[in-house]
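So the chains spell out like this:
There are 2 protein chains.
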Amino acid sequence: MKQNVLSKMGRRTGVPPISWLMQTALTRPKLISLAAGFTDNSTLPVEISRKVLNEILRSPKTGQPALQYGITAGEMNLRTLTAKHLQKLDGGHDRAHSPEHVIITGGSQQLLYMTLEALCDEGDIILVEDPTYFVFLSILQSRGIKARGVKLERDGIDLAHLEEVLERLKKSGELRRVKALYLVTYFQNPTGATTSLVKKAATLKLLKKYERAAGHPLYLLEDAAYRELSFSSPSPRPSGERAGVRGFELETKGLLTPTLSSVGGGEGENAPPTSLTLPGAAERVIYTGTYSKPYAPGARVGFGILPEPIFTTVQRIKGNHDFGSANLLQQLLAGALASGLYDKHVAKVRKNYSHKAAVMKQALAEHFPKSVEIWESGGGLYFWARLPKKISAGVKSKVFQAALKADVLYVPGELCYADDPSRKKPDNEMRISFGSASVDNIREGIRRLGAVLRKALAR
Amino acid sequence: MKQNVLSKMGRRTGVPPISWLMQTALTRPKLISLAAGFTDNSTLPVEISRKVLNEILRSPKTGQPALQYGITAGEMNLRTLTAKHLQKLDGGHDRAHSPEHVIITGGSQQLLYMTLEALCDEGDIILVEDPTYFVFLSILQSRGIKARGVKLERDGIDLAHLEEVLERLKKSGELRRVKALYLVTYFQNPTGATTSLVKKAATLKLLKKYERAAGHPLYLLEDAAYRELSFSSPSPRPSGERAGVRGFELETKGLLTPTLSSVGGGEGENAPPTSLTLPGAAERVIYTGTYSKPYAPGARVGFGILPEPIFTTVQRIKGNHDFGSANLLQQLLAGALASGLYDKHVAKVRKNYSHKAAVMKQALAEHFPKSVEIWESGGGLYFWARLPKKISAGVKSKVFQAALKADVLYVPGELCYADDPSRKKPDNEMRISFGSASVDNIREGIRRLGAVLRKALAR
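From first to last, the protein sequence lines are chains A and B.
Those letters in the first sequence? Residues 1 to 459, by the numbering used here.
Those letters in the second sequence? Residues 1 to 459, by the numbering used here.
If you are wondering where the hints come from, they were derived from the structure by calculation, not from laboratory data.
Please note: incorrect hints may appear among the correct ones.
It does not matter which identical chain is meant; a pair holds if it fits inside one copy or across any two.
[Stated by the list, open to error] Here are the simulated EDC-like cross-link-like pairs (lysine to aspartate or glutamate), alpha carbons at most 16 Å apart as the crow flies:
1) K209 / E163
2) K390 / E308
3) K209 / E283
4) K208 / E163
5) K348 / D40
Please take these sequences and the hints and turn them into a complete structure.
Structure below.
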């Protein structure tokens with residue numbers, strides 16, 4: 001009697017895999033977690049936040065507006081600073097970076113949620129990278145939205161496969177249910193892959209080609225949550241030629257196969273411009289970013305840049321959710337950005353993660369069997385490890401159980417694959433994070449994991 | 001081609017009436033707004049917030065956790081403090097006040113949203129007070145949930161009418177679509193009415209009676225957003241006899257008719273215990289409250305106390321929305337509560353609103369025609385005015401236009417009525433707020449509005 005009072009959505013909304021992993025971690029106090037996508041405690045901007053908040057709360061004149069209701073889309077000051085910040089990262093491009101289309105949200109997660117509310121009915125389809133961000137898959141599942149996977153290469157999705165998937169959906173009559181393609185474009189969660197600008201442009205073009213058959217726009221939903229966590233400096237590019245794309249052609253890269261190989265190694269490749277810089281972006285790109293990862297998850301300020309009619313719709317939906325995000329946090333971020341403290345902080349954060357990634361890389365080279373393929377990233381929080389296909393690293397696998405027993409936790413890669421009937425979910429992969437673990441724990445954690453893998457491979 | 005990419009919900013989500021009112025206010029700089037439900041800028045806790053945040057961000061040890069991710073349901077510390085705070089307000093009762101069932105949200109608005117997500121499919125029915133909180137109606141409309149109104153008296157809903165509505169829905173076979181009854185129980189938005197404990201108890205009993213025919217639980221969704229804004233001291237009652245209800249009987253009160261009459265006048269009636277203190281509450285009461293109104297909307301921390309399976313479902317949904325509310329704000333509220341600064345602040349806030357309500361009351365007596373019926377409240381932010389039935393005060397009425405012309409804004413009462421085919425929406429009512437206007441503007445605003453009404457009635 002009790003369960004059937006729930007909505008269909010209520011019944012569909014499952015236990016999030018991440019909370020199960022966190023629960024598991026709590027039961028083993030000595031466990032080293034290489035699973036959490038948490039940021040590093042030691043880099044959190046305690047001093048900066050104190051300074052900025054003191055400045056805001058120093059007088060009633062500045063303090064009162066920060067403690068009052070604001071505007072649903074967010075404070076114009078922060079929206080303007082955000083648009084400028086993104087323009088700077090994109091080398092001065094301002095094509096689709098209008099503050100009027102910026103909306104401030106409770107992390108980029110809330111933006112993703114509301115965008116799906118605005119776009120999708122039950123039974124609609126979102127194309128995703130294969131593998132992709134697992135909480136995004138949880139939202140889709142909960143809302144009865146289908147996900148269809150597009151193969152992921154180290155510089156972004158496999159364009160030929162995207163076309164194949166679109167063609168297949170067109171033939172089956174399902175294309176009219178497709179609303180968007182979701183890409184995590186920088187140092188992707190979980191693989192660390194960064195989508196090249198060439199691939200972004202080709203993707204937009206390909207989506208456009210299928211709009212007629214779909215009967216409506218096909219959006220590119222670009223999630224740039226990890227964008228600022230580049231190991232090398234994402235310094236502004238000269239505006240003009242390089243940042244934009246004029247005549248591009250589909251680039252087909254052979255699959256890289258060395259055991260330890262770099263994903264988007266060079267400086268330029270580490271921070272390609274967003275798809276907002278491309279022709280037609282203002283109409284078709286839904287861009288999301290966040291200050292959670294580079295600044296502080298505990299302040300949880302994210303944002304989106306949205307085309308119409310998505311902007312208006314999401315803004316109205318946000319009115320129903322919460323009338324707009326907490327002003328105090330918006331002003332904290334605005335203060336940090338305007339004072340330049342934000343940029344200084346991010347430089348420090350990048351240096352820290354870069355160091356920790358190097359430590360993990362060395363530990364992986366030392367302890368992991370050579371038959372494990374490692375995807376190394378130019379930023380973000382993750383390494384991606386692919387075991388030989390016969391070895392499962394899934395939730396119920398011997399490897400996962402042995403790792404738990406050895407007090408080390410990773411995210412089984414299979415959790416990052418959509419329920420897509422057109423292929424079996426690979427279960428031989430692992431997401432390994434250096435985000436929150438200390439340098440010592442990274443070394444020890446990889447040592448433990450390496451021992452588990454050696455044993456599994458020796459069988 | 002563009003609009004049809006939106007989901008059904010996206011297309012249904014309309015312009016919120018409140019943003020239209022705010023927009024209108026912006027175009028007339030000299031306008032006195034008695035419309036907004038904003039809190040008074042001058043009472044916002046700037047100094048307290050600075051103090052508490054400095055304490056938190058004083059050292060990395062306390063600052064880092066506040067800037068890191070937390071737990072989806074909220075920090076256990078704040079959940080415990082919240083449960084204790086509510087217990088105290090309820091006179092020591094702890095029947096349904098367990099911290100394990102407290103969830104922290106982005107204002108109580110987000111809790112309302114997620115509760116409806118957990119409970120309702122398109123076509124389901126929520127019973128509401130007639131009139132009720134208009135943003136709640138916006139959520140229902142956006143999600144395709146039907147609202148059915150129950151007549152509101154000055155001490156809560158009309159119980160005979162509730163039974164009549166339930167009986168009618170049972171006969172039409174629609175009772176199985178009913179999931180909950182939504183009541184704003186303290187100093188209601190928009191009327192200022194406070195629901196007596198006797199009525200809460202009778203309501204719970206009546207809902208229980210119809211559960212069998214519904215085939216599932218019928219929840220009482222108690223929204224206590226304005227609870228702490230009582231003009232008289234909501235001091236803890238002695239626990240035991242008075243707070244709980246043993247043998248109660250349906251109280252039928254005659255409609256009070258004096259021109260200026262008090263709604264819940266005495267101290268006890270100002271702050272009756274919540275329905276959480278009633279037998280069976282732990283299973284059937286969904287309680288929501290907020291720190292936005294009594295503390296600061298710009299910190300936007302709300303909460304719910306939820307029975308199973310609603311708690312677990314809402315917690316999972318919140319995982320998909322935002323993984324939990326910003327830790328920094330949760331710790332701000334926890335710090336304010338634990339230090340006693342919160343209680344001191346609320347006492348100050350209540351005194352301020354009490355004074356402003358008295359100013360408005362006097363102005364109403366002076367300037368409003370005697371034929372206008374005023375509902376005076378014992379707390380909150382609103383007066384409710386009912387014009388003679390032949391006079392419309394609706395959005396398109398001459399009165400509203402004349403008021404705008406005279407540079408004074410109110411909320412037309414008709415916006416607070418659900419789309420319920422069983423009755424015509426009354427359009428002769430006004431919500432008048434003393435929340436954000438200054439004492440001078442309250443006097444001047446009511447003078448202007450009084451002049452408009454005198455003119456309208458003289459026609």
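Measure nothing new, just compare the shortest in-copy and cross-copy C-alpha distances for K348 and D40 to 16 Å and report within, between, both or neither.
-> Within one copy only: 12 Å inside a chain, 40 Å across chains, cut-off 16 Å.
Identical-chain pair category, K209 with E163, by Cα at 16 Å = The answer is within: 10 Å in one copy meets 16 Å, while 58 Å across copies does not.
Can you give me the call for K390 and E308, within, between, both or neither, at a CA distance of at most 16 Å?
-> neither (47 Å within a copy, 42 Å between copies)
Is it within a copy, between copies, both, or neither that the alpha carbon of K209 lies no farther than 16 Å from that of E283?
-> within (15 Å within a copy, 54 Å between copies)
Since the copies are identical, ignore which copy is meant and state whether K208 and E163 lie within 16 Å (CA to CA) inside a copy, between copies, both or neither.
-> Answer is within; shortest intra-copy Cα gap is 11 Å, inter-copy 56 Å.
When held up to the earlier numbered hints, the structure conflicts with hint 2 and nothing else.
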